[in-house]
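Hints in hand, dock the two standalone chains.
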Amino acid sequence: MIEVKKLTKFYGPNRAVEDVSFTVEKGQILGLLGPNGAGKTTIMRILTGYFQPTSGSATVAGFDVVEETMEVKKRIGYLQEVLPLYHEMVVSSYLEFVAELKGVPKNDRKKQIRKAMELTRTNDVSNRIIGRLSRGYKQRVGLAQALLNEPEVLILDEPTIGLDPKQIIEIRELIKNMAGERTVILSSHILPEVSMTCNKVVIIDAGHIVAEDTQEGLLQKSEGGDRVSVKLKGNLTGEDIKKEFTKINNAGIVSVKNEGSSTVIEVVRAGSIDIREDIFRTAVKNDWVILEMKSAALSLEQVFLKLTTREE
Amino acid sequence: MNKVWVIAKRELKSYFVSPVAYVVIGLFLLISGYFFYVILASSRMAEARGIIMNMSFTFMLMSPLITMRLLSEEKKLGTIEFLFTSPIKVSEIVAGKYLAALILFLAMVVITFQYPLYLILFGKPDLGPIFTSLLGFFLLGGTYLAVGLFASSLSENQLISAIVGMVVLIFLWVIGWAGDLIGGGAGNFISSLSMMNNLENLGKGVLDAGNIFYYIAMIFFFLFITVKRLEWKRW
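So the protein sequences, as listed, match chains A and B.
FYI, our numbering numbers position 223 of the first sequence as 223, with every residue one higher than the one before it.
FYI, our numbering numbers position 18 of the second sequence as 1018, with every residue one higher than the one before it.
So here's chain B without its partners, still in its complex pose (with noise of 0.2 Å):
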């Protein structure tokens, strides 16, 4: 665990040496505060659902961008070779490396938390649906998260990595709409995969553990798999 912390330290240093990290920060709030003002204006109402579902979107796409150098840039470097022959366990390095992208992002979703409190202060919001929804952010955020750094063990070029992170996330937001084609047990299956289906019912209000579940279940699957590739790739 010591050595986990090590890693991510190093890694939110160099997050913040670089100015990737501030440039999506700073975008991706003005984008939600955008969204925020846009959607309320419109509706008049002091609810976050119309706004969880754009930022996931938006976040979806601009997540790659945090997670892609984290493992490839290590690859290209050659320091990748440094870690493996130093006292640390591979599953050692990627929860670290994991880590640092959570905290990251954990430092955006607080500032987000700016907007609930707007509407407590000039309306009377239903508090729970609000919370559930950040809560169903943060899950699908981490889950993002995971898989772009999945994806940047793939490939030493972190252009590519972030393609790749883009696509597979997008293909996870939509593969609901195949499951409503397919119907059926299997329909109803490949629907339960989907990112976007899961997000719903966080954001009605409705905390189910199946789909925090769900979200657990995707960030460990691809944690692992990440370990699997680093240690595949070398015998």
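Same shape as in the complex, but just chain A (with noise of 0.2 Å):
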């Protein structure tokens, strides 16, 4: 459905994205995810036409950027960082001009006005003055816009910027509604966002991808992947505890701490497999008392700041 290739992008001599490519299938959601000025607006400005790359290509719903712009225009939905509000006029007859200008029949538009306001659950406010609304219902009011004329491609520019928790919950709900069948790219710096709504996440860094793959592919890539740590009952000693616990399938790297009348061994698990039923008959075998046995999986967080961080 979108499909970026080599995309380069300077201002002046200034590199903004270099050589990023990656691609969406239809249906999915893309997180675009990466410190602030890494890159992501500049990549959906390119997608939506509003720039030029300065080279590479990308092509949405099959309609190249550059060459068939107004194309690609007419089947996307776009909500930028800075909404696209005009504060003096009237939620219905903001959408009303939206409508018009991206060419929604004239008999259709009232019914997708309608069910862009349902969707968005905008109907309680159709009579209020845009620049005086809550800046939860602007955000909502901006994405009842790019719904508009049904698009297949969403390119969302940090959809929840400026709300507060419970407004970021609600917009992330309506995000996951909105998506259906369409195709959507959503950008973010935060990123409980990007792992609670998108199936695909792209991380930039300083205008390059740093990495490309689906939320649990990226855990899992990261080194360790996920930690298993065990309480045993007693103040045993190390290295026995040690060699037992490598001999498990898939077991990485084991440490053993002794914590007062107790001891904690973290294990590391190398592949994808679990290996928790192992941890427990290897604990039988031995005849040691399991106290506790938690799992820890490394949260993207951890993922993203590992990528992303560099020694200077």
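Accuracy of the hints is not assured; some may be wrong.
[Claimed, not checked] Once the Cα atoms are required to be at most 35 Å apart in a straight line, the calculated DSBU-like pairs of lysine-lysine come out as:
hint	chain 1	residue 1	chain 2	residue 2
1	A	26	A	110
2	A	176	B	1089
3	A	74	B	1009
[As the list claims (entries may be wrong)] If you want the footprint, here are the derived chain A segments under chain B, 3+ residues with CB under 8 Å:
hint	segment
4	46-52
5	66-80
6	98-109
7	241-248
[Said to hold, decoys possible] Pulled a few chain B residues facing chain A out of the computed Cβ check, cut under 10 Å:
hint	residue
8	1003
9	1007
10	1061
11	1074
12	1078
None of these hints come from the bench; they were simulated from the model.
Backbone N, C-alpha and C define an ideal beta-carbon position, used for all residues, glycine too.
This is how it looks when you write it as structure tokens:
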């Protein structure tokens, strides 16, 4: 649905994005993740036809963003970071304006506006002046705008920026509901955002892609993956235990630590197979009493930091 | 064409939401009414030449107030990005904005039709020069608005847009003086660019195709460079 090939964009001598390639399949939600200034907005602006790339190419719904810009624009719904709202207008007449601008046929306009307002739950503010709405409602009107003309592709730049936690959850749900059959690209510098809504993640740093995978894939790729920590009864001596646990298939680094009258062992999982059962059997075989066992997933946050933090 | 009207319609609505349109129209009518009365009362001649020149100069100073927000505000609010990512050509956006300002101005001109009406009611004016004067005023105003729209594309600050527009207009108004000074072919050419010189024939009642062409060419030129300016900014 969206194909980006070796995209590069310079602003004068400054490189914003370099050699970026990725694809998004129909129906996927792609999260563009990266710290501020990484080039997320630039990529989106190229996809929407607002900017020309310096080199490389991109297609949206089969149309080239440089050669067939108008066709691309007809098929996307775009929510820019700075909300595209005219503050003096009433919500319903603003949506009417956008529908006309996007060329929604006249007899279809009312229906589509109603649908977009229902989906974004903006019905109750339809007669209010946009400038006087709360930030959360403004965001929703922005989303409603993007839905008009039933676009195949939604491009949402930082859709939850500046919202309070409750509103963030609401908007997140909204995006999931809006997605449906559509292909969605959303950008964020906040991780839970991406980990909760997207099924594919591209991490960008300083204009380059540093990782591209599904969320699970990313977690596994980052060294170590999950770790299991086991607390055994009694103050046991280290070497024996370490040797026993290392024998387990797929176990990585094992560390042993004495904590008062118990021993804590941390086993890092190397592969993708669950090792908890093997840990249990090893303990039983050696007659060790398990007091506690927990598995801690490395969060996307840690992966993100690992990938975007470079040693100076 | 359809999209042009969509833009123009929204723009017209927002003119009347803010007090700008009312203030500009109201003040302009106040001043032009004063000119009409004072000039008529002192000259006792049923003609429009004096008042047209004065109205033209007044509107030259006021027109940037109508055009200053057209593109500057879109830039400031970031809605320009929304327009540029919507399925509409840049030329259609510019044409729509210009059309809105032109319709507002046309409404003003129609209201000033009352002045010739008074002349007809209470005297026997020569109607020819009066109507060519009004035509001249409309074309001239249309040129002001095109220059103002271009000025508005330069900055996201409305005040700067208004000032730049005013300075360019004043310069185009008096450029003829430089032409007189230089003389010869080059001087003639410079004089022919003057907005004031081109209005003089129309004020006298001479309907010269050259003068009309001058205004239309100016309008197209400034709209064209506005489009180029907006497109250039993004590459």
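Results of checking the hints against the structure:
no.: 1; hint: A:26 / A:110; in the structure: 28 Å, holds
no.: 2; hint: A:176 / B:1089; in the structure: 32 Å, holds
no.: 3; hint: A:74 / B:1009; in the structure: 21 Å, holds
no.: 4; hint: 46-52; in the structure: holds (count 5)
no.: 5; hint: 66-80; in the structure: holds (count 6)
no.: 6; hint: 98-109; in the structure: holds (count 5)
no.: 7; hint: 241-248; in the structure: violated (count 0)
no.: 8; hint: 1003; in the structure: 7 Å, holds
no.: 9; hint: 1007; in the structure: 8 Å, holds
no.: 10; hint: 1061; in the structure: 26 Å, violated
no.: 11; hint: 1074; in the structure: 9 Å, holds
no.: 12; hint: 1078; in the structure: 3 Å, holds
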